Structures are given as C-alpha cells and as structure tokens.
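Trainee: Sequence:
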Amino acid sequence: MEGRLLIVSEKKTEAKAKKEEGTEKMTDYMVRATAADAQIRAFAVTSRELVEYARSAHNTSPVVTAALGRLMTGAVMMGAMLKGEQDMLTLRVQGAGPVHGLTVTADAGGTVKGYADNPQAMMPPNSLGKLDVGGVIGVGVLTVMKDMGLKEPYASTIELKTGEIGDDLTYYFAASEQVPSSVALGVLMDKNNTVRQAGGFIIQLMPFTADEVIDRLEEKLSSLQPVTAMLEAGNTPEQILELVLGDLGLEITDTMPVRFACNCSKERVEKVLVSLGREDLQEMIAENKEVELHCHFCNRNYIFTVDELKKIEKNAKDKS
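One rule links them: number in this note's numbering = place in the sequence shown (from 1) + 78.
Hints are computed from structural coordinates only; laboratory data are not their basis. These numbers come from a predicted model, not from an experiment. Note that CB positions come from ideal geometry on N, CA and C, so glycine has one too. It is possible that some hints are incorrect.
[To be verified] Listed next, with one range per pair, are the computed distances between beta-carbon atoms: (1) 296 x 352: 53 to 61 Å; (2) 252 x 392: 50 to 58 Å; (3) 349 x 385: 17 to 25 Å; (4) 205 x 307: 12 to 20 Å; (5) 334 x 221: 25 to 33 Å.
[What the hints assert, rightly or not] List time: in silico DSSO-like cross-link candidates among lysine-lysine, alpha-carbon distance up to 27 Å: (6) 389 x 344; (7) 229 x 161; (8) 239 x 208; (9) 389 x 367; (10) 208 x 269; (11) 224 x 208; (12) 344 x 367; (13) 349 x 392.
Assemble the whole structure, with the sequences as input and the hints as a guide.
Mentor: Here is the structure:
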C-alpha cells in the first residue's frame, strides 16, 4: 500500500531491524491519533501478547479467549481516555450464556487485567463457522464503571445488543456518553488454540464534526476488512488507522506499550484477611490449617500458614 505516513514506515523498519537482530521481542502497543483537523479522535492497538497471557493464566477455551480478549482490548483503549493517572476503568459483562460473566479493569497507563466466570465454557461455531462470542455470552448487560477519585465511581449499565463486545461498546458510547463511535475488536486463534492475532480500534466523532467528514468516514468503515484480517496481513496499529483515516489527514499523536498486569501481592491479600476481623481470623487459626486465597484476575494463589495467621491476628489486635 502506498501513501502511508512516514511515522508508520519508520516504526516498521525499526521494529523489523530489532527483530532481525534478536535484540527486542515484539510487544503489544497502542497508538492515539486525530484526523480531519481534530474532528475525529482514534485509538488502535495490537494486543496478542496480553490476550495470550490471559489465555495461559486462566486456561480459557477458544471462544472464551476470544470474548475476554475482545473485552480487554476494548478496555485498554478506553483506559487511555481516562484523565488521571490513578483513574480506573472496569467493564463487567453479565449474560445468560455459559460463560456467565467477564470482568476487566484497565488504567490510563496501558495496563489491563481480566477474568471469565467460567473460563472453560464451550459453544459451537456460529452460522459463519466463527467462534460464537455472542452465543457464549448470551442475553445480558454491560456495566461500565470509572473510578476517578470521587466519592462514588461513575457507573452506567446498558443491555447487550449482540454480545459481540465491539457492537456493545459502540452502543455504550452512543447511549451513555453521547459520543458517536465505531469500535472494532478481534481475536484470531491458532490451530493449537493459542492466540494468533488480537487487536482493535476505536474511532470517535467530536461534536463539531462536519457532515462531509462523517459521510467519508462511514463509507470507509463500510468497506473495511475485519480487524484480525488486517492484523494477519501484517498491518500495525498505525497502518490500520491509515487504512481508515488516511484520506482525512491522520496524525499519530502518541504511542504507548500495553500489557496484562495484576497488582495483587501477598501484602495486599493480607489486608483482605485483616479486613475480615479478629473473630474470623481466630476461627481460621483454631482450625489449625493453612488458608489459601485466590486472585481472580491473574489466577495466583496465596497461602498463609497458621503461624502467619497468628501474626496477622496479633497485629490486628495491637491496632484495635
């Protein structure tokens, strides 16, 4: 394809050179951009590694990997829309399908984590022979929560339109934030059930967008290949946005790495035990057995011995 932005060519050449030299492993990243003299803002991301990390950590079935991967991919881009460094975004999908629910959190720094209520849920392929993400989720709702350091977090709940995640986030932006958007998300699985490709984009119109710009954008979006097809063809996030917005004066404004990261630790889990209160701690100690606590997001287990429980109970007593 000709006419790509110079920044795209430079990034591709640099990444290719480093890969050939073996000095750097290709990592997930996101780009932010504007177009049409800032009448449009856009995000695009490649997320294969973070989705594969989640698949490995949770041993998800292929269809659940696709569902969770799409939600995490959307969330990491939405996290980049947050204003404060400490702000947090949570997306919770609850449906009547066999996966039951998906929970994902993301921040403004490009980190995301998530889990499925039933990670091994299965579903036959849909009528097109594709992974049936909408079917494994089923009829349900999407809840978007933003913790921006206020007394109460912002929360909005909408009915799922298709359960395909991208369509539902598109509807959320229009219904809850009054921002016309196009959200495209995709996860392609390999024959060995690992993640082959994952990524997506979000295109949003500003309130002052001209009708002519909207018409040109709608025409371009209607002719696009699926995200996974563009990724499989070797397109980077910059090149994907170039395919969508190249005729509208695309300007890449920022690039940032993205990754799956969980901030759990034994110290944090210990605080959960302290919050239970001395009475519950004393009951655990009386059973004279180790206590094992589980982090849903990263699937790690934390074990506390009876001696450790006694120390925690003593510290809780001293502070009371």
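Trainee: Checking each numbered hint in turn, tell me which of them this model violates, lowest number first.
Mentor: 11
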